[in-house]
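Protein chains: 2
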Amino acid sequence: MSLLIVGTVAFDELITPWGESGRIIGGSATYASLSAANFKNDISIVSIIGEDFPEAKLELMRKKGIDTSGIKRVEGGKTFFWKGKYHQDMNTRDSLETELNVLADFDPILPEKAKDAEYLMLGNLTPAVQMKVLKQMKQRPKLVIMDTMNFWMDIAMPELKEVLKEVDLLTINDEEARQLSGEHSLLKAARKIFTMGPKYLIIKKGEHGAMLFYGEQKFFCPALPLEEVFDPTGAGDTFAGGFIGQIVREDDISFKTMKRGVIYGSAMASFCVEEFGTKKLLNISAKDIHERVMQFVDLVDFNINLENN
Amino acid sequence: MSLLIVGTVAFDELITPWGESGRIIGGSATYASLSAANFKNDISIVSIIGEDFPEAKLELMRKKGIDTSGIKRVEGGKTFFWKGKYHQDMNTRDSLETELNVLADFDPILPEKAKDAEYLMLGNLTPAVQMKVLKQMKQRPKLVIMDTMNFWMDIAMPELKEVLKEVDLLTINDEEARQLSGEHSLLKAARKIFTMGPKYLIIKKGEHGAMLFYGEQKFFCPALPLEEVFDPTGAGDTFAGGFIGQIVREDDISFKTMKRGVIYGSAMASFCVEEFGTKKLLNISAKDIHERVMQFVDLVDFNINLENN
Chain V
13 MSLLIVGTVA
23 FDELITPWGE
33 SGRIIGGSAT
43 YASLSAANFK
53 NDISIVSIIG
63 EDFPEAKLEL
73 MRKKGIDTSG
83 IKRVEGGKTF
93 FWKGKYHQDM
103 NTRDSLETEL
113 NVLADFDPIL
123 PEKAKDAEYL
133 MLGNLTPAVQ
143 MKVLKQMKQR
153 PKLVIMDTMN
163 FWMDIAMPEL
173 KEVLKEVDLL
183 TINDEEARQL
193 SGEHSLLKAA
203 RKIFTMGPKY
213 LIIKKGEHGA
223 MLFYGEQKFF
233 CPALPLEEVF
243 DPTGAGDTFA
253 GGFIGQIVRE
263 DDISFKTMKR
273 GVIYGSAMAS
283 FCVEEFGTKK
293 LLNISAKDIH
303 ERVMQFVDLV
313 DFNINLENN
Chain R
13 MSLLIVGTVA
23 FDELITPWGE
33 SGRIIGGSAT
43 YASLSAANFK
53 NDISIVSIIG
63 EDFPEAKLEL
73 MRKKGIDTSG
83 IKRVEGGKTF
93 FWKGKYHQDM
103 NTRDSLETEL
113 NVLADFDPIL
123 PEKAKDAEYL
133 MLGNLTPAVQ
143 MKVLKQMKQR
153 PKLVIMDTMN
163 FWMDIAMPEL
173 KEVLKEVDLL
183 TINDEEARQL
193 SGEHSLLKAA
203 RKIFTMGPKY
213 LIIKKGEHGA
223 MLFYGEQKFF
233 CPALPLEEVF
243 DPTGAGDTFA
253 GGFIGQIVRE
263 DDISFKTMKR
273 GVIYGSAMAS
283 FCVEEFGTKK
293 LLNISAKDIH
303 ERVMQFVDLV
313 DFNINLENN
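Chains as they are written, first to last, in this note's numbering: chain V, 13 to 321; chain R, 13 to 321.
Incorrect hints may have been included.
Copies of the same chain look alike in the list, so a pair counts if it fits in one copy or across any two.
Derived pair list, reagent style DSBU-like, types lysine-lysine, alpha-carbon separation capped at 35 angstroms [unchecked claim]:
1. K291 / K200
2. K230 / K211
3. K211 / K90
4. K299 / K200
5. K177 / K299
6. K292 / K204
7. K299 / K147
8. K292 / K230
9. K291 / K204
10. K299 / K204
11. K268 / K95
Don't read these hints as lab results, they were simulated from the structure. Note that this is a predicted model, so its numbers are computed, not measured.
Excised from the complex, chain V in its bound form (with noise of 0.2 angstroms):
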């Protein structure tokens, strides 16, 4: 089955309380493909990137099954560049330096394959250039969702919104989910978020898990307790590549699967957090996977003995 990740792909540079990253690969597309990339998809991305990015990067991509065709690189500008700093928490960080580059003009131009994508991931970008994306598809793709966050509530919302109408589930966290929906209740913030267009909501709550709501459906996956969180950077695109990358392993989008997928999601989200970067997502095997995910089924398992009541 065929996914297309349409997101950034950029260099960043972390400083934690446990030590400092230097120069590192890091973008939406790239934490999302490397994580989908473990369920043995078609993969392909759509990004835009600058002379410096070293073709050994995507040449790993590559290695892992992504076609990176689509990436678009442009001689003589530089790539999208992040530094922050995370607190002691590991929960609140300061953006220290953040430069756009060839971001600032991107224009996505789908190579022809990839408008037949049959899964459509559209990372956090500005709203604009995700409906330029959703336009060129050919037919519509059997699932498509969508990342956003605070940022273009604040500055771009009637964009946002003209582009939730053609997405079918959205992941954001508490907060946003507060700001988009206006309501405190994050069942109240779901129902009416669903009148915006979409029928799935996924609401990250990093360290506390992530919600899924269909309907009047609910799921609850927690994070998995760690034994230190080592670099949060990328976890919330890295569990929607697991996310997708379940969905479109299983080729289908009942609540069950998608159950699953939060779940896969979380499993890889959660080995994200224990290196700097991309690293330990590159380094993880099916039977990684597997381990990781029965430590999800064990963390919630009870019985309620119904002889008792």
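Here the structure of chain V is known, so what remains is to put chain R in place on it, guided by the hints.
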């Protein structure tokens, strides 16, 4: 099976974005016992009240099967009173008034029968008072569970640590677990706390659920997503009451039963927050509880289709 609950019986006055409660009954022992009483156990309370506490409210507890003979009434004294105002997000609150009144001189004297209790729950009180209770028990209860808060960590850490040595299960929130252990990772915090005495730890995360730790075993229970949190006062004590209520009902302290306890406790807490004070706790049936527990079963239910791995 017999359960002794030691804690406050108090007056509260609550201001929330939804309204004002006026002066209503509250206190940790009140919430915990009314919650545990739904599990049809032999429950007695040890606490202290003033002349102003209405006999009719004690009668209400007795009707639920709670033995109130250990509640000392101080003639001429005034009952502990707390007035608080919740912020819009319902997660943070300001204390507007705190009158310790008779609680300032609380010197718990256990009735003879209470000294034989098989299960003991120490509500959030001065560690010195908690210790006095422990010393009066004729034999060690099958399980001693204790609640405390950051306030005691700030002003009475040495006394708190003495009590912890005698406790089997501690319930605190995530920030308190971090404060007590000096560890940010909850996994590491749990291990550290286990070296202080408790063998079990429940970390209460409010709207983000609850985690039970026992050795290297972990169990997570989400909070039920609700239409509206009307009044979170007493939710933690109600949780603890439901938890211990289920343990006592089964008369079993295996990890399996404790996991069920966490689910029942969470179900009771989800009722508690739907109305002001103890109102909802007084008006639920075994059927209501069963239906609510089934919502928890549903909320975390998923199936890992091994064919696809």
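Outcome of the hint check:
1. K291 / K200: Between copies only: 24 angstroms across chains, 38 angstroms inside a chain, cut-off 35 angstroms.
2. K230 / K211: both (12 angstroms within a copy, 33 angstroms between copies)
3. K211 / K90: Intra 38 angstroms, inter 55 angstroms, cutoff 35 angstroms: neither.
4. K299 / K200: between (39 angstroms within a copy, 26 angstroms between copies)
5. K177 / K299: neither (39 angstroms within a copy, 41 angstroms between copies)
6. K292 / K204: between (37 angstroms within a copy, 28 angstroms between copies)
7. K299 / K147: Answer is neither; intra-copy 39 angstroms and inter-copy 52 angstroms both fail.
8. K292 / K230: Both ways: K292 and K230 sit 30 angstroms apart in one copy and 24 angstroms across, limit 35 angstroms.
9. K291 / K204: So K291 and K204 pass the 35 angstroms test across copies only (30 angstroms; inside, 38 angstroms).
10. K299 / K204: between (40 angstroms within a copy, 31 angstroms between copies)
11. K268 / K95: neither (39 angstroms within a copy, 46 angstroms between copies)
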